[in-house]
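Let the hints inform the model, and build the full structure from the sequences given.
Residue numbers (our numbering), protein chains in the order written: chain A, 13 to 144; chain B, 5 to 599; chain C, -15 to 148.
Warning: the hint list may mix true and false statements.
Subject to a maximum C-alpha distance of 27 Å in a straight line, what follows is the list of computed DSSO-like cross-link-like pairs (lysine-lysine) [claimed, not checked]:
(1) B:K248 x C:K64
(2) B:K533 x B:K583
(3) B:K594 x B:K532
(4) B:K469 x B:K499
(5) B:K307 x B:K234
(6) B:K186 x B:K389
(7) C:K22 x B:K252
(8) C:K90 x B:K592
(9) C:K4 x B:K252
(10) C:K128 x C:K105
(11) B:K234 x A:K15
(12) B:K594 x C:K140
(13) B:K550 x B:K499
(14) A:K23 x B:K234
(15) B:K163 x B:K338
(16) C:K4 x B:K248
(17) B:K49 x A:K23
(18) C:K22 x B:K234
(19) C:K140 x B:K580
(20) A:K116 x B:K410
(21) C:K141 x B:K592
(22) A:K23 x B:K265
(23) B:K118 x B:K7
(24) A:K118 x A:K30
(25) C:K12 x C:K22
(26) B:K7 x A:K23
(27) A:K116 x B:K89
(28) B:K118 x B:K594
(29) C:K90 x B:K583
(30) C:K12 x B:K265
(31) A:K30 x B:K7
(32) B:K598 x B:K530
(33) B:K533 x B:K580
(34) B:K590 x C:K90
(35) B:K389 x B:K117
(36) B:K350 x B:K307
Partial chain B-side listing against chain A, Cβ under 8 Å, derived [as the list claims (entries may be wrong)]:
(37) N68
(38) A145
(39) G269
Honestly, the hints are just simulated from the structure, not real lab data.
Cβ coordinates follow ideal geometry from the N, Cα and C atoms, glycine included.
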Amino acid sequence: MPKIMSLDELKSLRDNVKNKVDLREKGENVDEMVVIRVAMATCGIASGARDIMNYFADLIREENVNNIVITQSGCMGYCYAEPTVEVTLPGEEPVVYGHVTKEKAKEILDKHIKSGEMVDGIIPVAHKSIDE
Amino acid sequence: MSKYTMHILVCGGTGCISAQSNEIVEQLMFHINEANMSEEVQVLKTGCFGFCEKGPVVKILPDNTFYVQVTPEDAEELVKEHIVKGRKVERLLYVDPTTEEVVSDSKHMDFYKKQMRVALRNCGFIDPDNIEEYIARDGYAALGMALGMTQQEVIDEVKKSGLRGRGGGGFPTGLKWEFAYKNKADQKYVVCNADEGDPGAFMDRSILEGDPHSVVEAMAICGYAIGATKGLVYIRAEYPLAIKRLEKAINDAREYGLLGKDILGSGLEFDIEIKFGAGAFVCGEETALIHSMEGMRGEPTTKPPFPAESGYWEKPTNVNNVETFANIPVIFLKGADWFASIGTEKSKGTKVFALAGKINNVGLIEVPMGITLREVIYDIGGGIKDGKKFKAVQTGGPSGGCLTEKDLDTPIDFDNLLAKGSMMGSGGMIVMDEDNCMPAVAKFYLEFTEEESCGKCTPCRVGTKRLLELLEKITHGKGTMEDVDVLRELSQVIKDTALCGLGQTAPNPILSTLDVFYDEYIAHIKDKKCPAGECSALLQYIINDKCIGCTACARVCPVNCITGTVKQMHVVDQEKCIKCGACMDKCKFKAIIKQ
Amino acid sequence: MSCESCNNELANDLYAQLEKFIDELPEKRGALISVLHKAQSLFGYLPKEVQIFVGRKLNVPVSQVYGVVSFYSFFTMIPKGKHPIAVCMGTACYVRGADKILDVFKRELGIEVGQTTEDGKFSIDALRCVGACGLAPVVLVGEKVYGRISTAEEVKKIISEYQE
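Put into structure tokens, the structure is as follows:
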């Protein structure tokens, strides 16, 4: 580790390591966050859920959006529609999307999350999510 | 770039480690690996969550699920259910004892609702062994800011915050720094007092275990402000985990260039060395502490000269306690005005208390100054254990006194506690119920101070011994009314004449209990009874007619003082009975009573 | 006496380690307490001979070494038992009945606080707050922590765990 030689260097290190505690800080105020929950049970992972989750993480970092928490959930029971992603806007009911691809992910972020317009691919919710 | 989407935080404070939290971490990691989730789920050991009563505590983020009393065997279910399937493990969630409802999110627990975490801001949140997590939480930015100010400006900021010493005395921290700053010398020292001596207080240890870097950073800020290049942490050798984490923090800070020469390119030189205590309560007193660091007996000397003029090796030395230091970085990050907006007129900020004794939620709490005792005991503490009646709360440890029912609505701050005959002390808060005998509690503290008296001055060395003898007499039912007068007078003399804080405050537990629980002393003296039923010399174990003659008590009695034939009522020989209570514990029929 | 000679060899090795520790100190001034910590961790206790050795090496009067050793409760001149028992007597443990638990240990083992049983198996100490107040009353045997010990039966069970 090279020594930190100035306050600016300290700040840039801080920005680089911020993500280590970011999830926890957001979790403390999870009620005010947009939560994207990717189903990561065996069937989800097999259908590419891990890539989708990573893609969301990359997107959010690129676009520098700070009010989104990406996390995982277990099997939501829609094995036919994996990868599935549940999106919860603050104070609203969760919405579940099935067959999520990278393109769909981008659309969800741009339309649903940023401007509150639902996009195609919603699965009617019949399950109980982890918070209920 | 971390891709973790879930964090599992396991409490790694001494209390939880005693209850196998290390094994829980291992098991969680093992099962996360088994489930092929190690890329997504991070398991980490943090400092104390504070909720020691229900430890070990495991918290899962970002959904903020709070599991209590977890065992290593539960790890598999936690991973398979919560992590893999996304279902909470109901049986491990916290159940509110009053409403009997399950509370899964710690934010909604009464224990946390009224707390405000400043000194403990990172405890239970970051991995204390990872300097980058501390930096991610704006760690060392306060040092960076201080280095951009003049020394006087740094001191003024601390003065403006209104921060007062958290070790017990409550002396304004900024003023203390200023004294040390103004005394010119070729070498000065910053000392962190981590010799937590109050039996039943563990806040300093928890801070060092949970967030050691905040103390390291604050010491460096202080070093800059007063012009010292050397820092020393005087820590109890009985705190192995805190020592280990602090050592790592110091080494990491050196490696990152945050300690050593030319810190952050400012030219500041500052480094920290650890000195071990060896178990002497008096070493919490700053002059005694300094002598102990010099390798000598930890005996206090008269002040003046104050350490700010002549301290460690006769050089100007600034001594602050761990919790005081832990507040410093926040004062710079959020501003002195922000800090001064919390608390009461003369006591700013928050205070950490170790809440213990006969209370439902034993733990480490941090509350804004000015909160009432009622809120602490009933809202945060969850009330008295086993539905018993609240009797008193002891604050300030062996130097403090007792507060009772009538003080429940007094706002807690330095001055109010002093006015009530107690003191803030370092933050021990021991709750007592109707079964605790107050003269016996006073005796407990005097046993402590008598043993810990360093012996240098006569009022303390001989005086505490005489006080203890009087209390022993009274609790054995052999006291007289004159003894009460002698207790009072002798206490006053010791207060007025002892050399250091230990002696001067040693009689406080007696004076305070005499004041508030005079009737109990009288009961011991005149009626030869202990109303609380704690003083064994005044007790008798008696077997009543519920006895079915099962002989269990007779078999368990270590001195064979219980006699009787099978299926007949048994009898205790009061002459031989040593009042150990083993028979009462053993009896399944509640046939043995003590009175 | 072969046994004694191997004991001596062991002791010599410990003295050598202690000497090395002292010689490598950057600063001898004020180092007495850290040296005694090291010595106690090596020998297990601080007998007269060790104190004399430390005094000579640091060039401090033995009376001063003894003064320091006897002042601090962490230092002991009696070897601890193979299974050192420590009962927490912090206030939190006290108000939950630790004094009664200590009495049971004393009675069961027939020794007082600070003593070691004749067979060298157990010693009893009362210590001030290990900080596991949530588990009060707390008993330590070596490094193992036993929490919420409240009856004589539980005490006997702990002792029997260590009785071969």
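Task: Numbered hints the structure breaks, given as an ascending list - done: Those not satisfied are hints 6, 13, 20, 23 and 28.
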